[in-house]
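S.K.: Chain by chain, the residues:
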Amino acid sequence: MGEDEEDIHLLRRVAWRDEEALLHLYRRYAPRVHGLARRILQNGHEAKDVVQETFLRIWNKAERFDPALGRPATWILTIAHRLALKRLRASETFLWEEDGAWEPLGGEDHLERLWVAKALEALEPEERRLLELAYFQGYTHGELALLLGWPLGTVKSRLRRALAKLEGKLK
Amino acid sequence: MTHPDPDDLVRLALDLLSEGRRRGLMAHLRSCPSCRAAYQAHLEALGALVPEVPVPASWEGELRERLRTRPLWERRRVLALGLSLGFVGALFLGGLGGLRWWAGISARRRFFDLAAQPGARLMPLLDPGGRQTGWALRTAQGEVLLLLKSPPPPGRVYQAWLILDGQRKSLGLSPTPLLEVGPLPEESLVGVSVEPPGGSPAPTTPSMGRTRI
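Note that the protein sequences, when read in sequence, are chains A and R. In terms of my numbering, the first sequence opens at residue 1 and continues consecutively. In terms of my numbering, the second sequence opens at residue 172 and continues consecutively.
What the hints contain is simulated information worked out from the structure, not anything from laboratory work. Among the hints, erroneous ones may be present.
Partner residues aside, some chain R positions facing chain A, computed with beta carbon under 10 Å [to be verified]:
1. Val181
2. Gly191
3. Arg201
4. Asp336
5. Gly353
Simulated coverage check for chain A against chain R, where a stretch passes if three residues somewhere in it have a Cβ under 8 Å from a Cβ of chain R [to be verified]:
6. 2-9
7. 15-26
8. 50-59
9. 71-84
10. 121-135
11. 157-170
Quick reminder that beta carbons are idealized off the backbone N, C-alpha and C, glycines included.
Input sequences plus hints: build the corresponding full structure.
M.R.: Written as structure tokens, this is what we have:
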């Protein structure tokens, strides 16, 4: 059984209140959910809450997972992304973050950033910044246009191009 | 078929759309393989940006604790209790017959308004004897609603169930003939039973109706 099929089977078991199935998914995906939440919130306590809420959401909504719309892994990350952005928007730290304001070398946050930087290295610096701001900080196209002083059309086309490059790299 | 703006698929993957627009696009994706493939590719690409950060071992125990503190159907029971109390209070004020009639009319109106929208799909709800007891509706946005022909008996509620692998999971309660059960995967098998106001962890009466939608 492939990983996706196994995950779908686990989600089905979760829908029937099988705790072990949920914990299996937790062990498999909590590190990624945690990484995403930390990257968005820059706050360990809040990130922990997002991890817990994500798996409680899965516990309560597993029957809503539709395999026709994506893989379990992306569904789980979508839930975590939404919960983390909601918290970010509700907090006062939803502010423009300047380059270079990151944590010192060797810290956990630094390692996370290295990972992201590696994944983003196929992109131009401006595309990289756009994706970071849109995905990890939840800026809308309009906000990005204002923030970066680019026309809206430029923001859209560069975001599309950046995603296309990443997708090409994954193939 | 009219396809959405490709930038909207990017926004969808970045979760930057309003809830209404998001649901509209998800409905389109269910019927459009090319847009669905583009959206999934966006999600995969964004997922590749996510680093793994180990979680402390103690978190798993905390999650396990939280799972056990409040089962879902009990929380629904609290909601149902609130609904029931409100319903009983309203009955006291408005009179049993009048309010039940009004609730039934409102439920039917809402259901058939949604059924009239483009892309909506209706299926009959059938009891074990094959008689039609109501309708199931899948909206273009993938929401599923169930409408029974008659309201539940006095002092009882309808409870909707998802039937999968021979087991039943509660999808919610209603003191009216209308059950809004939310989005479900295509071809889900759903059913309805009559239950006490707090609902039940498993059906306690024969099926009022079921269908695959």
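S.K.: If a hint holds in the structure, say so; if it doesn't, say that too.
M.R.: Against the structure, the hints:
For R:Val181, the suggested interface contact is upheld, since its CB lies about 6 Å from the closest CB of chain A, less than 10 Å. Taking 10 Å as the C-beta contact cut-off toward chain A, the hint placing R:Gly191 at the interface is violated, the least distance being around 16 Å. Annotation: interface hint on R:Arg201 holds; nearest CB of chain A at approximately 6 Å, less than 10 Å. With a least beta-carbon distance of about 7 Å to chain A, the hint placing R:Asp336 at the interface is held under the 10 Å criterion.
For R:Gly353, the interface hint holds, the least distance from its beta-carbon to any beta-carbon of chain A being 7 Å, beneath 10 Å. Three residues within the 8 Å Cβ limit are the bar, and the stretch 2-9 of chain A against chain R gives 0, so the coverage statement is violated. Note: the stretch 15-26 of chain A has 7 residues with beta-carbon separation from chain R under 8 Å; the three-residue rule is met and the coverage holds. By the rule of at least three residues with a Cβ nearer than 8 Å to a Cβ of chain R, the coverage given for the stretch 50-59 of chain A holds, with 5 such residues.
Restraint check on the stretch 71-84 of chain A versus chain R: 7 residues with Cβ-Cβ distances below 8 Å, three needed, restraint holds. Three residues within the 8 Å Cβ limit are the bar, and the stretch 121-135 of chain A against chain R gives 3, so the coverage statement holds. Check result for the stretch 157-170 of chain A against chain R: holds, 7 residues qualifying (beta carbon to beta carbon below 8 Å, three or more required).
Taken one by one, the earlier hints fail for this structure at numbers 2, 6, listed in ascending order.
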